[in-house]
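Peer 1: Chain residues, written in single-letter form:
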Amino acid sequence: MPKAVRILLHIGVSAILALLVLPAFVVVPASFNAASFIRLPPAAFSMRWYGGFFQDPEWLSSLATSAEVAALATGLSLSLGTLAALGLARLGGALRTALYGLFLSPLIVPTIVTAIALYYVSRPLGLVGTIPGLALGHTLLCLPFVLVNVGVSLHSLDPALLRAAEGLGAGPWRVFRTVTMPIIAPGLLGGAVFAVITSFDEVVISIFLSGITAKTLPVKMWETIRVEFTPVVAVAATFLILLTLTLFALLRLFGLRQAKPAESLS
Amino acid sequence: MKDTRSRRPLATALLLLPAALFLLLWFAAPLGELLRLSFSDPRGALAAYRELVTGDVYRRVFANTLLVSVVVTGISILLGYPIAHVLTRLHGARLHFAFWCVLFPFWVSVLVRTFSWMLLLERNGPVNAALEALGLTSAPLPLLFNNTAVYIGMTHVMLPYAVLPIYASLVRIDRRLLLASDGLGASPWTTFRRVYLPLGMPGVGAAAALVFLLSLGFFITPALLGGISNITVAMLIEHLVNERLVWSLAAAAAFLLLGVTLALLFVAARLVPIGQALSER
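Protein chains in written order, with numbering that gives the first Met the number 0: chain A, 0 to 265; chain B, 0 to 280.
It should be emphasised that the hints constitute simulated quantities derived from the structure, not laboratory data. Be aware that one or more of the hints could be misleading.
[As the list claims (entries may be wrong)] Sample of chain B residues lacking proximity to chain A, with all beta carbon distances greater than 12 angstroms (derived):
| # | residue |
| --- | --- |
| 1 | 41 |
| 2 | 44 |
| 3 | 49 |
| 4 | 61 |
| 5 | 85 |
| 6 | 204 |
| 7 | 235 |
| 8 | 269 |
[Stated by the list, open to error] Chain A regions said to be covered by chain B (calculated; three or more residues, Cβ under 8 angstroms):
| # | region |
| --- | --- |
| 9 | 6 to 18 |
| 10 | 90 to 102 |
[Claimed, not checked] Simulated DEER-style distance windows between Cβ atoms:
| # | chain 1 | residue 1 | chain 2 | residue 2 | range |
| --- | --- | --- | --- | --- | --- |
| 11 | B | 93 | A | 124 | 17 to 23 angstroms |
| 12 | A | 159 | B | 171 | 31 to 37 angstroms |
| 13 | A | 67 | B | 96 | 33 to 39 angstroms |
| 14 | B | 243 | A | 93 | 42 to 48 angstroms |
| 15 | A | 27 | B | 95 | 21 to 27 angstroms |
| 16 | B | 227 | A | 91 | 52 to 58 angstroms |
| 17 | A | 35 | B | 137 | 25 to 31 angstroms |
All residues carry an ideal CB built from backbone N, CA and C; glycine is no exception.
Let the sequences and hints guide you as you build the complete structure.
Peer 2: So, in structure tokens, the structure goes:
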């Protein structure tokens, strides 16, 4: 390739990469606006809206709801997903492919479709506007990430170790606790981090299942954005970015670079 | 090894049962219920589908959804290809950093990123201010609440999904083939067009299929960045459920969307190794 073309290519690609990373961070200066509407760059900086966030019971309770839902959804998808990953590892052939497809299918079906289906069946069950209802919905989207992460770490599990432990007289639980668990720990941590992030960021299912009694943080943001451009939303967005970066750093700290499977968006 | 062989299938089934049961009860069954609902229109089993397919308003929504998905797929491939190519030429820390940039958006909530674009593209926002400062425009451009904003916001979300399958395909191309083409006297442009581009096509195909499928059902970004005339299928479904409360129509629209998605996935899986491209990410 001619040198000029290569240089131009690298400049262009660098610019696109910058455009991928930087825009999300504009919410940070926006959150420090002193005015009651967002101006970029802010005319005057102030922590006023951080105070506003923590003094508003609605924002605070949405943060608490999100935390509770994420904790429940992570616990549930971690238990179901780890068991399923262990089960899948013992299978082979078409059955394994079919089940893998079933477990990952919530990522293929458009989230809006899943959301209204769940909304329809949750209403008569009294699950709309409840934390368990939201957590059950989020678990559908978190489960694939746990499955993939634990599945990847199971590759490094030598079946001979399991046979050796069994041969030495260890029961199934003991084998899991003393051999399997330590080896798949990175996968469990990776799966848990993805589950927390997926649940905390989920909007579409939450919009339908939140009702008026259990709004998550993104639902509260969604509703507010549609009415006004208040810096409080930027404060909430800054918290979400901060949470993500903290968890990201946590994973890096443990030297993990787990692949995130096709994320469910929309 | 007393009874391992007879115990294994049962244990395997017990390990898989909780997750399988959960998905059947809380995913497959609700979708089944929604499917039943789509045929429950009092005017007849297929009335809801007929209304969607023949109604002018609905046709416009489908056309707009297709337009948005096609444009976003096109831009994502055009921007994603050079990124993927440059990634294959980087090593060490630079490769790590570039990969981090590509994957970073996955980590930040779609809602946050969409909100950021709202702030950037706003009438008095920084993009308009910059355009005016550069003397390119004399009055603020209407950048928000139209399809332009939707293209920008959605491409930002979809680009990583385009880069990864293309990268997976390009990185496996044997560079000796390029040298051979070069040695046989082909110009760089000919080598690209006749050797590099065709060999990378499976990845481009997988990327296009993936981005297109994800774009079809997208809700948050078009709902926030689009105007009242830029309605997509996902927004229509939300409107039918929350505002008009016509479940049969909403369910039928949902299954049209799901049907198209699955059909495209099926065709794409036959044309390109999409599963392979996905699993390599």
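Peer 1: Hint by hint, say whether it matches the structure.
Peer 2: Evaluated hints:
For residue 41 of chain B, the requirement that its beta carbon stay farther than 12 angstroms from each beta carbon of chain A is met, with the minimum near 17 angstroms. Consistency note on residue 44 of chain B: stated as away from chain A, and its beta-carbon is indeed over 12 angstroms from all of that chain's, at 18 angstroms minimum. With a least beta-carbon separation of about 20 angstroms from chain A, residue 49 of chain B lies farther than 12 angstroms from that chain, consistent with its non-interface assignment. The claim that residue 61 of chain B is not at the interface with chain A holds, since no C-beta of that chain comes within 12 angstroms of its own (minimum 14 angstroms).
Taking the minimum C-beta to C-beta distance to chain A, about 4 angstroms, the non-interface status of residue 85 of chain B is violated against the 12 angstroms cut. For residue 204 of chain B, the requirement that its beta carbon stay farther than 12 angstroms from each beta carbon of chain A is met, with the minimum near 16 angstroms. Residue-level check failed: residue 235 of chain B sits 10 angstroms from the nearest beta carbon of chain A, not beyond 12 angstroms. Non-interface status of residue 269 of chain B relative to chain A is upheld: no Cβ of that chain comes within 12 angstroms, the nearest being about 16 angstroms off.
With 8 residues carrying a beta carbon less than 8 angstroms from a beta carbon of chain B, the region 6 to 18 of chain A meets the three-residue requirement, and the given coverage holds. Proximity of the region 90 to 102 of chain A to chain B, defined as three or more residues with a beta carbon under 8 angstroms from a beta carbon of that chain, is established by the 4 residues found. Judged by the Cβ atoms, the range 17 to 23 angstroms given for residue 93 of chain B and residue 124 of chain A is violated: they are separated by roughly 53 angstroms. Checking the proposed 31 to 37 angstroms range against residue 159 of chain A and residue 171 of chain B shows it holds: the Cβ atoms sit about 32 angstroms from each other.
In this structure, residue 67 of chain A and residue 96 of chain B meet the distance hint of 33 to 39 angstroms, their C-beta atoms being roughly 37 angstroms apart. A hinted range of 42 to 48 angstroms for the beta carbons of residue 243 of chain B and residue 93 of chain A is consistent with their spacing of about 43 angstroms. About 24 angstroms separates the C-beta atoms of residue 27 of chain A and residue 95 of chain B, a value consistent with the hinted range of 21 to 27 angstroms. Between residue 227 of chain B and residue 91 of chain A the Cβ separation comes to about 53 angstroms, which falls inside the hinted range of 52 to 58 angstroms.
Distance hint check for residue 35 of chain A and residue 137 of chain B: the Cβ-Cβ separation is about 29 angstroms, which falls inside the suggested range of 25 to 31 angstroms.
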